[in-house]
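Participant: Here's the letter readout for the chains.
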Amino acid sequence: MKIEFTLNHSKVTVDRPPEHRLIDVLRDEFGLKSLKEGCGEGECGACSVLLDGKTVASCILPLGRVHGHAIETIEGIRNSESFTAIQEAFKKAGAVQCGFCTPGMVISTEALIRQNTNPTKVDIRNAISGNLCRCTGYHMILEGIRLAVQKREER
Amino acid sequence: MGKTISSSIPRLDADKKISGQAEYIADMVMDDFMHARTIRSEKAHAKIKAIHLPELPEGYTVIDKKDIPGNNRMQTVVSDHPLFAEAEVHYIGQPILLITGPSKEKTVELAEKVQLDYKELPAVTDMEEALSENEVHVNYQYAKGNPDAVFDNASKTITDEYRTGQPEHLYLETNGVIATCHSGRITIYGSIQCPFFVKNAVVEATGFAPEQIQVIQTVTGGAFGGKEEYPSLLAAQAAVASLKTGKPVRLILDRKEDIEATTKRHPSLLRYKASLNNKNEITGIDIDITFDGGAYATISPVVLQRAMFTSTGVYGFPNIRVTGRVVKTNKAPSGAFRGFGAPQVLFGIEQFMNRLAAEAGVSSLAFKRQYFLKKGDTTSTGGKMWADIKIREIVDKITGMSNYKQTKTNSGKNRGIGISLFLHGCGFTGKGEVDISGEVILKKRGNKVSILTSNVEMGQGASTTLIKIVAHSLSIPEKDVDFVKQDTDAVPDSGPTVASRTAMIIGGLVKKACNKLLDKWEQEEAEVKEVYKHPGYVTWDNDTFQGDAYPVYSWGANVAEVEADPVTCEVEVKKLWGVYDIGVALDEDIIRGQMQGGMVQGLGFAYLEKLTSRKGKFNQLNLTDYTIPTSVDVPEIECDFVENPYEFGPYGAKCAGELPLSGVAPALAEAVEQALGMEVRKIPMTPEYLKARKNED
Chain A
1 MKIEFTLNHS
11 KVTVDRPPEH
21 RLIDVLRDEF
31 GLKSLKEGCG
41 EGECGACSVL
51 LDGKTVASCI
61 LPLGRVHGHA
71 IETIEGIRNS
81 ESFTAIQEAF
91 KKAGAVQCGF
101 CTPGMVISTE
111 ALIRQNTNPT
121 KVDIRNAISG
131 NLCRCTGYHM
141 ILEGIRLAVQ
151 KREER
Chain B
156 MGKTISSSIP
166 RLDADKKISG
176 QAEYIADMVM
186 DDFMHARTIR
196 SEKAHAKIKA
206 IHLPELPEGY
216 TVIDKKDIPG
226 NNRMQTVVSD
236 HPLFAEAEVH
246 YIGQPILLIT
256 GPSKEKTVEL
266 AEKVQLDYKE
276 LPAVTDMEEA
286 LSENEVHVNY
296 QYAKGNPDAV
306 FDNASKTITD
316 EYRTGQPEHL
326 YLETNGVIAT
336 CHSGRITIYG
346 SIQCPFFVKN
356 AVVEATGFAP
366 EQIQVIQTVT
376 GGAFGGKEEY
386 PSLLAAQAAV
396 ASLKTGKPVR
406 LILDRKEDIE
416 ATTKRHPSLL
426 RYKASLNNKN
436 EITGIDIDIT
446 FDGGAYATIS
456 PVVLQRAMFT
466 STGVYGFPNI
476 RVTGRVVKTN
486 KAPSGAFRGF
496 GAPQVLFGIE
506 QFMNRLAAEA
516 GVSSLAFKRQ
526 YFLKKGDTTS
536 TGGKMWADIK
546 IREIVDKITG
556 MSNYKQTKTN
566 SGKNRGIGIS
576 LFLHGCGFTG
586 KGEVDISGEV
596 ILKKRGNKVS
606 ILTSNVEMGQ
616 GASTTLIKIV
626 AHSLSIPEKD
636 VDFVKQDTDA
646 VPDSGPTVAS
656 RTAMIIGGLV
666 KKACNKLLDK
676 WEQEEAEVKE
686 VYKHPGYVTW
696 DNDTFQGDAY
706 PVYSWGANVA
716 EVEADPVTCE
726 VEVKKLWGVY
736 DIGVALDEDI
746 IRGQMQGGMV
756 QGLGFAYLEK
766 LTSRKGKFNQ
776 LNLTDYTIPT
786 SVDVPEIECD
796 FVENPYEFGP
806 YGAKCAGELP
816 LSGVAPALAE
826 AVEQALGMEV
836 RKIPMTPEYL
846 KARKNED
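Just so you know, the sequences run in chain order A and B.
For the first sequence, the numbering used here begins at 1 and goes up steadily by one.
For the second sequence, the numbering used here begins at 156 and goes up steadily by one.
Just chain B, with the same shape it has in the complex:
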């Protein structure tokens, strides 16, 4: 046991992973396995006129919409995605049917022989076209103060707009599940973030009773939101296939399928309008957010909500209007991706604040400083900043570490430096945590304690972190604490492993449960349960979007220093800095890994990763074309922390996992602007984009 909770211990899952003994979904072996291959739409929008199947040898089976005993929809926030296409297909890659069989090669070969006759229908594959045609899945708005009045009385109105791209999660392990039916029950194994989401989806698809469905998470090779809602679709398909064939069915996507058909980050168009008084002070701000949701709404409404409630960044303004919509296009549905709508809008607000600073003729940092939120301030939704805000300490620390001010004024030829400030609302948006009321159970047997939760280890360090909380709270060695495998038959529903909620919310429940267990420590065997309740101060009205969208926030700043080639516009990131307030680190190494990993994904979002599409077909369907950062791309990274314990977090911890992705793009954009002497209005800042911008100016 480390000296303090923050002192690192070796990760408890490391040995098995290093020695190659951790069992991922593709490593599972069962007798009588059926391999499943998905037949997908090749059209962005079409009516399916006919399906011509090849002759199937014995043991090979087709599974389609007619085989769904329950509801042919993926159960999620908006259950609109068909498990198998019905009369029409709405995006390229949409699943139409499965072929299963004993040989993987033969199954793939048969799948390639399936012929589909389509009647093509008009397709909208561009977000801005969908916007102009008002093809909308969902829209919301809210306001604070009186934005109309201040815009009417503005001495100046400044507008600008920004666009963000469509990165793919690119977890190293593709999506995959295995379904097996046995004695009236169905068991799902899978690379998943949310066992109970999967369970509910299989219940909905099969019409089975909840107690007949069991979901077991296998070691998960990265997720980042990409295994939040999507595995529900795969599990439901595989469950139905297992019911029809009576055999275990293995549905593991190959990389091309995974890029083409699974969720990605919502591309965005962000429009800003500020009213300034005669001293160039912001009197009001109007933010308009358009997200491309793809063909089905699925979880887009909640992604849009987080984006809207995050859209004013680390700043307080007296008068605010935020409007947002998710438009419908004939592309694969967008979904959860680390940051959940926040990285897009934080890029936008930081860039827009820089524009306004330039208008006011002061440095971006000096301009932004005037609007920093403070404890007690009213949020954009009329809630309150209840906890201490240490954004000024964060800025002081990072500008010191990076020598920001000196480099800014004297950066050198073709070089530039930029700073960004950002935050992340911890846990679910609005009353999500209350709706779920996650449960955690601790069981004591002798001197050993087991943690029962549905929140999974997916690489982020949840198992080690939760074990450390128990070990520290009870003063027992980590080896005496067991993180029970996520099996819905064995663990309570603590909610999904999303929204950076595991350390703070689940860790908080574990800590409270430990306090109860201490009272029973003399007993040989004991069991305690803890159910989540919001801190008493939190209020939220989900109809009016008024109140505390989040109980507390984590904060951060990034500085990026770059050198750019003035001719080719190629950017080299010299160094990245990050300073974070995540409350208290529950394990320094795990947190450092989260911060650095998140920052490098942020680099991908900012300038390296390009996924484009033409008429609804993605152009980069493999790792040669879709390039994520490699070991030779990553710059030196320096991270530090400002401690700011949160009263209701375990040992003061707040959220950490998503925060570090958000700040990189705006810091890099400001640096690139200085290096190349141009304004950046779009990410990824590829050399092609920057060159085109240069020619425009």
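Next comes chain A alone, as it looks inside the complex:
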């Protein structure tokens, strides 16, 4: 079955069964390796992508579900000002350790910034409540997101 969707701002067509997991299609078919598989059950958020601008776990998203929708991964936002702001903020805050959760954290941050320009501390915590991190204890990531939001507002 042919599934058509927008991937990182380009129209694509995939001829695969609609029940195939989006994570496999993106990683194996399109070579998008920024999304990571941590649990395969939608619990850890390492495979997060943007579906029409909102964070979703690509490991539990069937391919058929994205027909006619827009998917974005880090590969698609890497050259944006917003990504640069997040990158600088995460570096400044020391938000990265092993890095396996980091792409998912970046995706959730991007979604938060797009949806909510003036998030509270609680909004920020909630924004990554679906992204597990085992290294940092979260505070330095939360600080990174706060700095990224601040940079966004300054512009």
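Please note that the accuracy of each hint is not assured.
Heads up, simulated DSS-like pairs for lysine-lysine below, C-alpha to C-alpha not over 25 Å straight-line [what the hints assert, rightly or not]:
id, chain 1, residue 1, chain 2, residue 2
1, B, 688, B, 539
2, A, 92, B, 634
3, A, 121, B, 729
4, B, 529, B, 560
5, B, 171, A, 54
6, A, 91, B, 261
7, A, 92, B, 530
8, B, 560, B, 730
9, B, 634, A, 2
10, A, 2, B, 259
11, A, 91, B, 171
12, B, 730, A, 121
In case anyone wonders, no lab produced these hints; they're calculated from the structure.
Starting from the known structure of chain A, fit chain B onto it as the hints suggest.
Facilitator: The following block gives chain B in isolation, referenced to the frame of chain A:
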């Protein structure tokens, strides 16, 4: 370059990780890949009567014990774990064979069709049952002074016991390796802590010569001890599979397999006995440690040793007896996990000291203070506390920051506050560092310097930290220093990335090598090598456990403030404080990340993470059931430091990575006891446990 060594710089591995360009093991692509799937035991203890394989399509292969050209054992401290099961299986999840093939889905489908006929054998799946049946992998004891005499003359003897649970590392990236054979050699890529452990294990399994085996670490998505010994098993299996198929073999565990079959922290039963004189002063202490090692001994002996040498905490007692054993159960083998036996016993000693304080009718802190170790004191193993001990400054700082004393006496309804004190012996236990004699090489080409070591970056910040040491020592920019990828063909054996040894031991070697390189700085090209030697004062006898178990210690204190629901017994941690003496921070941000991350893992150990088993089968095999702290669970955390430079550490640095996990459980337990008015004898302190305790009292 920062102003001082402690001034933070942006982590040098951050850009690639943030942009998703860091290549983890699952991101590697090779032509002609074979995917491997493990067929595992479904029984805790059984004889394998027959294995019925499905018909395998072309390109699909079975690999089992008969395919091992060398020794069918995982090479480690005790090499008793079969790579593939032989006549019997001893735990649920134990690997029996692999199926490999070009399609991952098909391989999994075929694996599910394998039928095993078992003859079930009696299984011991409970630590205390194993203890009563004396099913023991290893046992040790040592004493100081004359504990028998003081117990005979005690005016009072107090006993108590505590239990700790079985947390899983839950690194976000599961265990995984790729093996490929080519022109008479085997190359292993993997998410690993210890390249040379893996190399030695593959040599043992394949019978190949050491020079025929190459191990390359890929970017590693967290480890915490869970990628210390276990990858040796996976690498040996994958190597043999690659030899048989002639193709690259990719063996990456899914989350369920990783929770079920890989190592976890040793569950413990801790028994304490103190003799008190008529002033309620401790005259002697007897500590008895039981660890559940699971089905195979593997590295349990050294975990038990660290636990025993840490078991008296930050206190000095004149008369001590410590006995310890690792019992054998039909469960997955326990192994290395951040803290390596110390978090269990530090929970136990802190809780027991609180009991004794209550007996003496004084506050826990005032009671503990009388026994704080000081510089020059004799350790429990008859060694000496050679360096300055700043535990009093640590306590003053943390009680000030947290307003501990005032809150303790006036905590408010259903609220409580607790304090814990703890330490971590830096580097390997006993003569481990001397046995390994780790090597580091620095190479200079023009104005650029390369660091060659087998110690890996696994998220803890090793690469940035070691680069900073070189940049500072040689006054060159960090961009001119290269942390060479861990490839056993290219780097010397500096020992494994374990025991919080990288900053202090490897960093120390790097610093010394820099001093040598300075003398050759005028040369266009130069190479210097440095080999580890213990400071001259350290003595150790591994047969009698006498001497300096560690060259130096890092120290810490935690305070936890909680509110607890008196009906549901649900605990909310309001705030956590930590004050640490890690010598000198080599990078403030990296250290802050280590402390906060370790404390949050400590929260998991203390009250959030529950892994239980029934008849040897774990009940929580996914992240829905096994819950680690999330961004909405973590309390506010405040950390500070007391500087105490160590003469033999680079820029005065000591160990840091494992220390912060240990103190959270006892601080939280004391706080919960105050909030709920009960004694806590077990972690994790789940609401179910606390409610049951409440009903007992």
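Participant: Tell me, in ascending order, the numbers of any earlier hints that this structure violates.
Facilitator: Of the numbered hints, 6, 7 and 9 do not hold.
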